[in-house]
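Keeping the supplied structure of chain A fixed, place chain B upon it in accordance with the hints.
For the record, the sequence lines run as chains A and B.
Per my numbering, residue 1 is the first one in the first sequence, and the count goes up by one each step.
Per my numbering, residue 397 is the first one in the second sequence, and the count goes up by one each step.
Possibly wrong hints are sitting among the right ones.
Per label pair, the in silico range of CB-to-CB distance [unchecked claim]:
id, chain 1, residue 1, chain 2, residue 2, range
1, B, G443, A, K112, 53 to 61 Å
2, B, I424, A, K113, 22 to 30 Å
3, B, G475, A, K112, 42 to 50 Å
4, B, E442, A, R65, 36 to 44 Å
5, A, C264, B, S439, 39 to 47 Å
6, B, D494, A, N290, 44 to 52 Å
7, B, G443, A, V95, 42 to 50 Å
Rather than coming from a laboratory, the hints here were simulated on the basis of the structure.
We treat Cβ as the ideally placed atom computed from N, Cα and C, and that holds for glycine.
Residues per chain, in single letters:
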Amino acid sequence: MESKGVSRRNFIKTVGITTALAATGTLPPVLYASERRLVTFPEKTELLLLTSSPPQLETPLKYFRELITPNEALFVRWHLANIPTSVDLDTWRLVVHGNVDKPISLTFKDLKKFEKISYTAVIQCAGNGRSFFEPPVFGGQWLNGAMGNVTWGGVRLKDVLRSAGIKSGSMEVVFKGLDKAVLPTTPGFLKSLQLDKALEDDIIIAYEMNGQSLPMLNGFPVRLVVPGWYATYWVKALSDIEVIDKPSESFWVKTAYRIPDNPCGCVEPGTAPKKSVPINRMTTRSLLINPEDGTRLKSGQVTELMGVAFSGGYSIKEVLVSVDGGVNWRPARLGKDIGRYSWIQWFYPWQPAKPGTYQVMVRATNSIGESQPLDGLWNPSGYLLNKIEKHNLIVI
Amino acid sequence: MKITILLCIGVSLVFTVMAMAGDQGVTIEGAKRSIKLPEAAVSLKEGPGMDTTSRYCRICHSLDYITTQQKFPKARWQGVVTKMIKTYGAPISKENADIIVDYIATNYGIGG
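Next up, chain A with everything else stripped away, as it sits in the complex (with noise of 0.2 Å):
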């Protein structure tokens, strides 16, 4: 019995909550019912378990040091249990059906013959940050590890497309993957785009993170990747696209997934919006990475403070950092700038003369002026969170 309950524990190791929570970095505003573990998982490193089935793993703050994302590193996230554990790629297809002149089933070589696309793009859930939420709110309590950085190789979405002929009347572009719900009663994970939105340049079906196959966990072999968009639009183990000539029924389009229907895509807290609309582009957003929240410095020490900043699509012109609880912002010096979907790294000096607990916050604008508001903005879902972060720093 006893050796039954620990080898049923295989890969899970256990990690108390004030360890878990120091490797990332910031406390929850309300303390999980239970505790969080780092456990590994098959192609991952130590990663914090969200849930076990279907696996919702995040990535621990410290691995955003680095302007990439490992692969064993970047966040996990299912919705539905039955996810694929087995790929043979002598027999998987993608397929192009639907309004189409000719359906298409391509075969792994088939896809790859394609010219070749490669790019650095931030992939973010929507959820991202749902745990700060105030009120909160339900749904996946990530911390701020479901996001990473990663160079994407794969073909572009509209020479497939095109390979097979978009009729005329075409309305919305269908992705599938090789997920299954449990119960059939269960709506599938179907996401959809507008087709002038599918036939950007940018959209691709990629078979590489970071010059690798996609880890299986993270939807080998092919993904879709929306580069500028949450990843809920990032189809993993995608088999299946379908054209068609009217709006797109599936649940995770037409009830899931969806903002209130104004420029703040927020609510008042607690209400619900008159009008929504699908959850697309992401906000801007800047982090502290190093050092950690309630890191002890010392005074007349000079300490780098560095973190990411990224938004949906556009370059980050300015991040800037306040340690005095935002009394004073001064420019902090950004690093290499290799893309507008990549995030950018940011870093700061800081030599604190006096002994004492400093409130650190940091606040990116892109270029297009859109930037990270103080306090939260809200909506009922969860998503888009940006709110400027405030890290304490203590200085002895």
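Quick look at chain B alone, frame taken from chain A:
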């Protein structure tokens, strides 16, 4: 206290053995790639309704969908359980749904 320490040692020993396997849990045979997922091992707090909750609420996902939520009042949990039935087709009778809502509100929510 003693039990916890022993358990921890046990867990880390098993973990080391697994880590030494070094295959990162992926098997490749020709063009076929497979992984084996770790088992979900979530246990709920003891209390009236625990069995019913555990039986029905893990049909489609692991029970940590419940335990990782923040603290919500009973009415909000009622809303979630109704959503599971109406939207996702959870096969749960009205009677069992009431038992589940009571159990979750008491053990993972705010108040009864």
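Tested hints:
For G443(B) and K112(A), the hinted distance range of 53 to 61 Å is satisfied, since their beta carbons lie about 55 Å from each other. For the hinted restraint 22 to 30 Å between I424(B) and K113(A), the CB-CB distance of approximately 23 Å keeps it satisfied. For the pair G475(B) and K112(A), the beta carbons lie near 47 Å from each other, so the given range of 42 to 50 Å is met. Range check, E442(B) to R65(A): about 42 Å between beta-carbon atoms, so the 36 to 44 Å window is met.
In this structure the supplied range 39 to 47 Å holds for C264(A) paired with S439(B), their Cβ-Cβ distance being about 41 Å. Range check, D494(B) to N290(A): about 49 Å between beta-carbon atoms, so the 44 to 52 Å window is met. Taking 42 to 50 Å as the suggested C-beta distance range, the pair G443(B) and V95(A) conforms, at roughly 49 Å.
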